[in-house]
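One letter stands for each residue in the lines below.
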Amino acid sequence: MSFKVLLPESEDELMTMLMYDNAELMAGGTDLLVRIRAGKVKPDKVISLAKIPDMDEIVDKGDRIRIGCKVTHAMALNSEIVQRNSPIMVLALREIGSPQIRNRGTIAGNIVNASPAGDSLVPLYLSNARVIIHGPKGERKLPIEEFIKGPGKTALSMGEYLRAVDFEKTGDWYPVFHKVGQRTALAIAIASLGMLIKKDKIRIVFGSVAPTVVRAYKAERFYERVNGDITVMDEFLERCLEYLSPIDDVRASAWYRKEVIKNLLKRTFDSWRKRVL
Amino acid sequence: MKLELTINGRVHSVEIDPGEMLLDVLRRLGYKSVRRSCNSASCGNCTVLMDGKPILSCTTFAARAMGHNIETVESLSEDGKLHDIQESLLETGGAQCGFCIPGFVLTTKALLEENPEPTEKEIREALNGNLCRCTGYESQIKAVLNITRKRGGHVNE
Numbered sequence: 001m002s003f004k005v006l007l008p009e010s011e012d013e014l015m016t017m018l019m020y021d022n023a024e025l026m027a028g029g030t031d032l033l034v035r036i037r038a039g040k041v042k043p044d045k046v047i048s049l050a051k052i053p054d055m056d057e058i059v060d061k062g063d064r065i066r067i068g069c070k071v072t073h074a075m076a077l078n079s080e081i082v083q084r085n086s087p088i089m090v091l092a093l094r095e096i097g098s099p100q101i102r103n104r105g106t107i108a109g110n111i112v113n114a115s116p117a118g119d120s121l122v123p124l125y126l127s128n129a130r131v132i133i134h135g136p137k138g139e140r141k142l143p144i145e146e147f148i149k150g151p152g153k154t155a156l157s158m159g160e161y162l163r164a165v166d167f168e169k170t171g172d173w174y175p176v177f178h179k180v181g182q183r184t185a186l187a188i189a190i191a192s193l194g195m196l197i198k199k200d201k202i203r204i205v206f207g208s209v210a211p212t213v214v215r216a217y218k219a220e221r222f223y224e225r226v227n228g229d230i231t232v233m234d235e236f237l238e239r240c241l242e243y244l245s246p247i248d249d250v251r252a253s254a255w256y257r258k259e260v261i262k263n264l265l266k267r268t269f270d271s272w273r274k275r276v277l
Numbered sequence: 001m002k003l004e005l006t007i008n009g010r011v012h013s014v015e016i017d018p019g020e021m022l023l024d025v026l027r028r029l030g031y032k033s034v035r036r037s038c039n040s041a042s043c044g045n046c047t048v049l050m051d052g053k054p055i056l057s058c059t060t061f062a063a064r065a066m067g068h069n070i071e072t073v074e075s076l077s078e079d080g081k082l083h084d085i086q087e088s089l090l091e092t093g094g095a096q097c098g099f100c101i102p103g104f105v106l107t108t109k110a111l112l113e114e115n116p117e118p119t120e121k122e123i124r125e126a127l128n129g130n131l132c133r134c135t136g137y138e139s140q141i142k143a144v145l146n147i148t149r150k151r152g153g154h155v156n157e
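First to last, the sequence lines map onto chains A and B.
The first sequence begins at 1 in our numbering and counts up one residue at a time.
The second sequence begins at 1 in our numbering and counts up one residue at a time.
Since the hints were made in silico from the structure, they are not lab data.
Treat the hints with care, since some could be wrong.
Distance ranges between label pairs, derived from CB positions [what the hints assert, rightly or not]:
hint	chain 1	residue 1	chain 2	residue 2	range
1	A	E146	B	K81	57 to 65 Å
2	A	K45	B	M66	17 to 25 Å
3	B	D51	A	K262	43 to 51 Å
4	B	S40	A	P211	23 to 31 Å
5	A	K258	B	C38	25 to 33 Å
6	A	W255	B	M66	49 to 57 Å
7	B	M1	A	K137	51 to 59 Å
List of simulated lysine-lysine pairs, DSS-like, C-alpha gap at most 30 Å [as the list claims (entries may be wrong)]:
hint	chain 1	residue 1	chain 2	residue 2
8	A	K266	B	K121
9	A	K274	B	K121
10	B	K150	A	K42
11	A	K45	B	K121
12	A	K4	B	K121
13	A	K201	A	K42
14	A	K141	A	K201
15	A	K61	A	K198
16	A	K42	A	K198
17	B	K32	A	K51
Ideal placement from N, C-alpha and C gives every residue a C-beta, glycine not left out.
Based on the sequences and whatever the hints tell you, model everything.
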């Protein structure tokens, strides 16, 4: 484990350093340093964001919220802007790691890790998030679904970094977030489910059951077509299950993951029905 | 590189490798209450307070601590008298082998500063990043509730 730590003090300096060979960018380090220690990545240089001023903005942008790349999970959780306008984000962030992890880990870090189990990705997919990328050619924006390409793979190219993310306010939607793991804290999800419901409209996102977090658009459209009257739960489930391509791994089997999602969906709709009736 | 670290109110001037973790530097300086166990951000034993907030020193660069106040359990007892959090853990049997206790104590301290009258659920949430293999947690939860009571607060049971 020998690497150099670089501490750029401005975004310009950062961009120059990102052109170096075998350099990894670090914000909170809760993930990168663990992977380095496990020998999964062997960078020559670690570029820390610690000394770059700002980058930790949480801004009300009208119908969206913008979060800078140094915003930790705890900062977002304690933000009044987030609490008021994105209850789904609050639900998911509370399930991340532990207080210690939330004090250091960042939402941007969760995004660039591109793990199908990233807890904060679920509310971001539900809220039509866009990532704001800075690089040698200036700024570009991408929907999060185009940014995350696969496990650990993103659309970032050489010299680029994720500067911020913005996402829709969804304060008037009913939020649902379920995470099934081996224990409550510090566990990577075996399967997770996020939903936003508003009358006959719905948004549905699954975590840990496909190469990326996925949004079940066909099931969303079906729900709208039947005006939210899913007495035909099986048809709805079928459309959801199309998006699932889980794997067998150390945490759970593919079969189990599918069963978990089915049960979570059924349970959610049962309680939703009781709420509405 | 040369670094100034403020630990428990005392300023240390220390020579470090830029890639060194806070955990290693703290132990090198003699703060042995900071425990290494999983070394991979999973167990909470290496918890220290940075500006009053619990963080994991096994995955925080020592260099990152510059300009911040670091607190370890060494700062808690005065003249051989234990802090009330430590005292309370002893009373309930919350410290068995004791290995995880420094982390527990610091996380509890941060919790009680933010929320002096936590409910059992809030205590469980706040402490869920500190693993203990002896107790089953009941005694620790009870200890924290007892502190609230002893400090004259309302216990939300």
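Against the structure, the hints:
no. : hint                         : result
1   : A:E146 <-> B:K81: 57 to 65 Å : holds (60 Å)
2   : A:K45 <-> B:M66: 17 to 25 Å  : holds (19 Å)
3   : B:D51 <-> A:K262: 43 to 51 Å : holds (45 Å)
4   : B:S40 <-> A:P211: 23 to 31 Å : holds (24 Å)
5   : A:K258 <-> B:C38: 25 to 33 Å : holds (31 Å)
6   : A:W255 <-> B:M66: 49 to 57 Å : holds (50 Å)
7   : B:M1 <-> A:K137: 51 to 59 Å  : violated (34 Å)
8   : A:K266 <-> B:K121            : holds (27 Å)
9   : A:K274 <-> B:K121            : holds (26 Å)
10  : B:K150 <-> A:K42             : violated (51 Å)
11  : A:K45 <-> B:K121             : violated (42 Å)
12  : A:K4 <-> B:K121              : violated (42 Å)
13  : A:K201 <-> A:K42             : violated (46 Å)
14  : A:K141 <-> A:K201            : holds (27 Å)
15  : A:K61 <-> A:K198             : holds (22 Å)
16  : A:K42 <-> A:K198             : violated (46 Å)
17  : B:K32 <-> A:K51              : holds (29 Å)
In this structure, the hints that do not hold are numbers 7, 10, 11, 12, 13 and 16, in rising order.
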